[in-house]
Amino acid sequence: MGRTDGIARRAPRLGAAPGLCPYRPESRAGMSVLWVNSRDFSRNFAPFPRPGAPFSPFFDPCQAGWFPYALTPCFAMACVQFSRRFRRDSRESFAEPRPVDFHAAGAGRDRERRRRLRPRDGEPRRTTRASPRSHCSRGLLVCPRRGYPVGMFGFFNLRKPAGPTSHDMVSAVRRLLPRGTRVGHAGTLDPFADGVLVICVGPAARLAEFVQAAPKRYRAVVTLGATSTTDDPEGEILLREPREPAPHPPSPQAVRQAVARFVGEIPQVPPAHSAVLVNGRRAYKLARAGRELNLRPRVVAIHAIDVIGYDWPRLTLDVSCGSGTYLRALARDLGEALGAGGYCSALTRTAVGRFTLEDSVAPEALDPARDLLSPLPAVDHMTRFTASDDDVRQLRLGQRLAAPDDLPDGAELAVLDPAGQLVALAVVRPGRRLQPVKVFL
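Numbered according to numbering that gives the first Met the number 0, the sequence shown spans residues 0 to 440.
Note that these hints are calculated values from the structure, not bench results. Keep in mind that the hints are not guaranteed to be accurate.
With a straight-line Cα cutoff of 20 Å, these simulated EDC-like cross-link-like pairs (lysine to aspartate or glutamate) come out [what the hints assert, rightly or not]:
#, residue 1, residue 2
1, LYS437, ASP388
2, LYS437, ASP416
3, LYS437, ASP370
4, LYS284, GLU208
5, LYS284, GLU264
6, LYS437, GLU208
7, LYS284, GLU233
8, LYS437, ASP389
Working from the sequences, and respecting the hints, build out all of it.
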């Protein structure tokens with residue numbers, strides 16, 4: 000490496016002596032020689048030397064009187080970057096300045112890293128795809144392209160307790176899995192609610208939309224005779240006296256008649272404290288800021304409502320509904336229809352499609368290896384098509400296949416490999432071609 004390569008060979012240790020310059024002419028322990036080319040010199044250093052000092056691209060800044068002007072950001076960064084390396088070298092004496100070999104320094108760091116990752120005595124040697132112990136305590140294989148563990152593709156049927164948020168449950172599950180695992184949930188539960196929370200693992204996160212669209216069942220407790228600012232027990236509770244059409248506590252027959260009016264496709268105004276977007280912002284954030292919101296009603300589907308128990312002021316309901324239905328809004332509207340007011344004081348989600356409360360697992364008892372469920376329940380509404388190994392290979396490359404003759408154009412298929420594992424979602428295009436839409440590598 001020549002002297003005109005523009006590389007700083009040695010750098011001082013800042014703070015070695017009072018003032019800006021720690022240089023000692025009689026010793027090489029301080030500032031030695033800083034070599035730069037003329038272009039870097041003219042750009043980074045002040046061009047005003049002390050009178051009588053010669054101009055040279057190879058100079059000692061302290062002797063030339065330019066060191067106070069040389070404390071530029073680049074110079075300071077060089078001092079910090081190479082301070083440890085040259086702290087050892089400054090105690091030695093050299094006839095000529097030794098150049099910095101950046102390749103050798105990088106090779107030394109690589110050797111040190113390989114030494115740290117070397118298996119201990121008695122441990123099996125890991126392959127190049129095995130996660131280091133320092134990064135993954137469970138030692139599962141991690142796909143380098145996708146970031147999720149090889150073979151972890153499915154759902155957890157988690158039983159969420161009342162109190163934590165859905166995001167808290169996702170974080171708790173993520174801590175049980177190897178680093179880099181994709182984890183999400185398929186449908187939010189309010190903090191005061193409990194019940195089924197479907198956790199998506201790995202590529203199953205791309206199937207969350209199908210789980211969210213599945214029918215849901217809830218067991219809700221409606222407290223009549225009072226309202227809440229958030230339509231749940233976490234808001235401010237305001238007591239109300241029964242008014243028309245029920246000047247006294249409504250009878251069980253009146254309750255059943257009012258409940259029947261909410262079955263079917265009905266318009267529903269979401270609660271102000273909800274995740275509905277209002278001009279690009281969440282409604283609950285605007286409500287907490289004191290903004291008055293006039294949310295538009297949305298059409299929701301309520302398939303069935305069964306009255307389980309009624310003991311004034313508590314009304315227990317079993318509700319089957321579609322996606323996007325707010326049980327808090329249902330309790331609010333039902334209380335208004337009875338003339339007594341109401342809010343949802345307790346809520347339990349008992350089913351999401353084929354994921355039921357009876358089959359759910361508590362967070363503290365979750366075993367990822369045992370409780371991981373197949374992703375097939377998320378695509379029960381699709382026709383299943385078993386492809387050969389060659390067809391699976393083509394699908395993973397994004398190529399089209401010949402579609403079965405008995406399927407119409409536009410039909411959605413769940414493509415399985417010969418072992419029965421889900422490998423892709425495809426749709427039948429005109430010309431009897433099967434085009435992959437989502438491929439799970």
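Evaluated hints:
With a C-alpha separation of about 18 Å, the suggested pairing of LYS437 with ASP388 holds against the 20 Å cut-off. Of the supplied pair hints, the one linking LYS437 and ASP416 holds, its CA atoms being roughly 15 Å apart against a limit of 20 Å. Only pairs whose Cα atoms come within 20 Å are accepted, and LYS437 paired with ASP370 is rejected, the gap being roughly 25 Å. Taking the CA atoms of LYS284 and GLU208, the gap is near 25 Å; set against the 20 Å cutoff, the hint is violated.
A C-alpha spacing of about 29 Å is found between LYS284 and GLU264, which places the hinted pair above 20 Å, so the restraint is violated. Restraint check: the Cα-Cα separation between LYS437 and GLU208 comes to about 13 Å, which is no more than 20 Å; the hinted pair holds. Distance hint between LYS284 and GLU233 is fulfilled; the C-alpha atoms sit about 15 Å from each other, no more than 20 Å. Under the criterion of a C-alpha separation no larger than 20 Å, the hint pairing LYS437 with ASP389 is consistent with the structure, at around 18 Å.
Hint compliance for this structure: hints 3, 4, 5 are not met, and every other hint is.
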